[in-house]
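Numbering of the sequence shown is given in the numbering used here, commencing with residue 2 and proceeding in unit increments.
Because the hints were derived from the structure by calculation, they are not lab data. Treat the hints with care, since some could be wrong.
Label-pair ranges, simulated between beta-carbon atoms [said to hold, decoys possible]:
| no. | residue 1 | residue 2 | range |
| --- | --- | --- | --- |
| 1 | R55 | T27 | 37 to 45 Å |
| 2 | L48 | F17 | 39 to 47 Å |
| 3 | E28 | K54 | 37 to 45 Å |
Glycine included, C-beta positions come from ideal geometry on N, C-alpha and C.
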Amino acid sequence: MVAALFLPITFITGIFGMNVAGLPGTEESVAFWWVAGVMTIISVGILLAFRFKRWF
Numbered sequence: 002m003v004a005a006l007f008l009p010i011t012f013i014t015g016i017f018g019m020n021v022a023g024l025p026g027t028e029e030s031v032a033f034w035w036v037a038g039v040m041t042i043i044s045v046g047i048l049l050a051f052r053f054k055r056w057f
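Put together the whole structure using the sequences plus the hints.
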């Protein structure tokens, strides 16, 4: 259950943690907040799904 919660977050941070040029959105000043917001929404969605299925 913990792995299912952190897998999407780890994937997103892994992509944006690479030192390659040309990733979309990395030049914007608000890119950090967009990525943090998306990760928060994904985490809350997974937690709500766990609650709905009574796994957590």
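Taking the hints in turn, this is what the structure says about them:
Restraint check, R55 to T27: a C-beta distance of roughly 40 Å satisfies the suggested window 37 to 45 Å. Our hint of 39 to 47 Å for L48 and F17 is violated, since their Cβ atoms are close to 22 Å apart. One distance hint, 37 to 45 Å for the beta-carbon pair E28 and K54, holds here, with the actual separation near 40 Å.
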